[in-house]
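Kindly produce the complete structure, drawing on both the sequences and the hints.
From first to last, the protein sequence lines stand for chains A, B and C.
Per the numbering used here, the very first residue in the first sequence carries number 3; after that it's consecutive.
Per the numbering used here, the very first residue in the second sequence carries number 3; after that it's consecutive.
Per the numbering used here, the very first residue in the third sequence carries number 3; after that it's consecutive.
Hints should not be assumed to be uniformly reliable.
Chain copies aren't distinguished; within one or between two, either way the pair holds.
[Stated by the list, open to error] Think about it this way: if two alpha-carbon atoms lie no more than 27 Å apart in a straight line, the pair counts; the simulated DSS-like pairs of lysine-lysine are:
#1 K4 with K24
#2 K54 with K4
#3 K4 with K64
It should be emphasised that the hints constitute simulated quantities derived from the structure, not laboratory data.
Remember, predicted model here, so these are calculated numbers, not experimental data.
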Amino acid sequence: MKLVLAIVSNDDSGMVSAALTKEGFAVTKLATTGGFLMAGNTTFIVGTEDDKVDQVISIISKQSSRRTQLVPSATTMDVGMYSSFPVEVTVGGSTIFVLNVDRFEKV
Amino acid sequence: MKLVLAIVSNDDSGMVSAALTKEGFAVTKLATTGGFLMAGNTTFIVGTEDDKVDQVISIISKQSSRRTQLVPSATTMDVGMYSSFPVEVTVGGSTIFVLNVDRFEKV
Amino acid sequence: MKLVLAIVSNDDSGMVSAALTKEGFAVTKLATTGGFLMAGNTTFIVGTEDDKVDQVISIISKQSSRRTQLVPSATTMDVGMYSSFPVEVTVGGSTIFVLNVDRFEKV
Ligand code: NI
Ligand code: NI
Ligand code: NI
Numbered sequence: 003m004k005l006v007l008a009i010v011s012n013d014d015s016g017m018v019s020a021a022l023t024k025e026g027f028a029v030t031k032l033a034t035t036g037g038f039l040m041a042g043n044t045t046f047i048v049g050t051e052d053d054k055v056d057q058v059i060s061i062i063s064k065q066s067s068r069r070t071q072l073v074p075s076a077t078t079m080d081v082g083m084y085s086s087f088p089v090e091v092t093v094g095g096s097t098i099f100v101l102n103v104d105r106f107e108k109v
Numbered sequence: 003m004k005l006v007l008a009i010v011s012n013d014d015s016g017m018v019s020a021a022l023t024k025e026g027f028a029v030t031k032l033a034t035t036g037g038f039l040m041a042g043n044t045t046f047i048v049g050t051e052d053d054k055v056d057q058v059i060s061i062i063s064k065q066s067s068r069r070t071q072l073v074p075s076a077t078t079m080d081v082g083m084y085s086s087f088p089v090e091v092t093v094g095g096s097t098i099f100v101l102n103v104d105r106f107e108k109v
Numbered sequence: 003m004k005l006v007l008a009i010v011s012n013d014d015s016g017m018v019s020a021a022l023t024k025e026g027f028a029v030t031k032l033a034t035t036g037g038f039l040m041a042g043n044t045t046f047i048v049g050t051e052d053d054k055v056d057q058v059i060s061i062i063s064k065q066s067s068r069r070t071q072l073v074p075s076a077t078t079m080d081v082g083m084y085s086s087f088p089v090e091v092t093v094g095g096s097t098i099f100v101l102n103v104d105r106f107e108k109v
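Structure below.
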């Protein structure tokens, strides 16, 4: 038995949750505090058999990999006009820890 | 040293917390997010000596085992009357993970 | 790879968070529920290489050790006068669990 603890960007948290549940994994989500440094993350706990760890990581990875997006950005120019051009920002991404479970009980 | 991570139904969370505290265990409760899939759970963290893990699991189990309850249920019948009969629902229950602690410090 | 799970007094939570971040550690904070028994704590998750665990514990310890403070205390006396004298209270403190990480992925 393993415990997968995944810190998932809020951008992807809903998709990760839905995909894991659809595949039959029991998911618990922990609320993160509002501090500016860690805003925007959800921490997932998933207990799973050893031989399904790869599947859990694959699901999380598929739904939440760090990626770049083009977003509009505006610059004001000298004479009061402005130019809008796309800039690349990084969104999404997860940090995943797999822990060994010494003992597991469902009561 | 072991770390017990228990996901406890909110039905039983108060009783589990009180019983663990009464027996001298230091309990930390983590807030779960409001998502519909995991509503109704509280996650407990309890650090304990190896030889007290059985006691922790026994306390949690005693206070929160999955069980059925009879609750009233009403059915509307043809002529405007209704019949109230009991149905069995499952309440409570916990999922418990015991993790090995590599190092423990109280500062 | 190790996962450091630290339960830190709210008195010290901001300082611990700032000090860990300044030293380059990625910090996730979990919200604790408002129950009276565990009010006043924040739970930190920090993933780190094995050889930096001492540094993480040292930072947390430095910013949050349990200590006594003198605070004013007032006693009402017989004739309507009162005497204010200092009493010693304990503030701060952390409980730190280090867990072995079976597998680590950043996606
Ligand atoms: Ni196993
Ligand atoms: Ni031990
Ligand atoms: Ni390692």
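Hint check:
{"no.": "1", "hint": "K4 with K24", "result": "within (19 Å within a copy, 30 Å between copies)"}
{"no.": "2", "hint": "K54 with K4", "result": "both (9 Å within a copy, 22 Å between copies)"}
{"no.": "3", "hint": "K4 with K64", "result": "both (20 Å within a copy, 25 Å between copies)"}
In this structure, none of the earlier numbered hints is contradicted; all agree with it.
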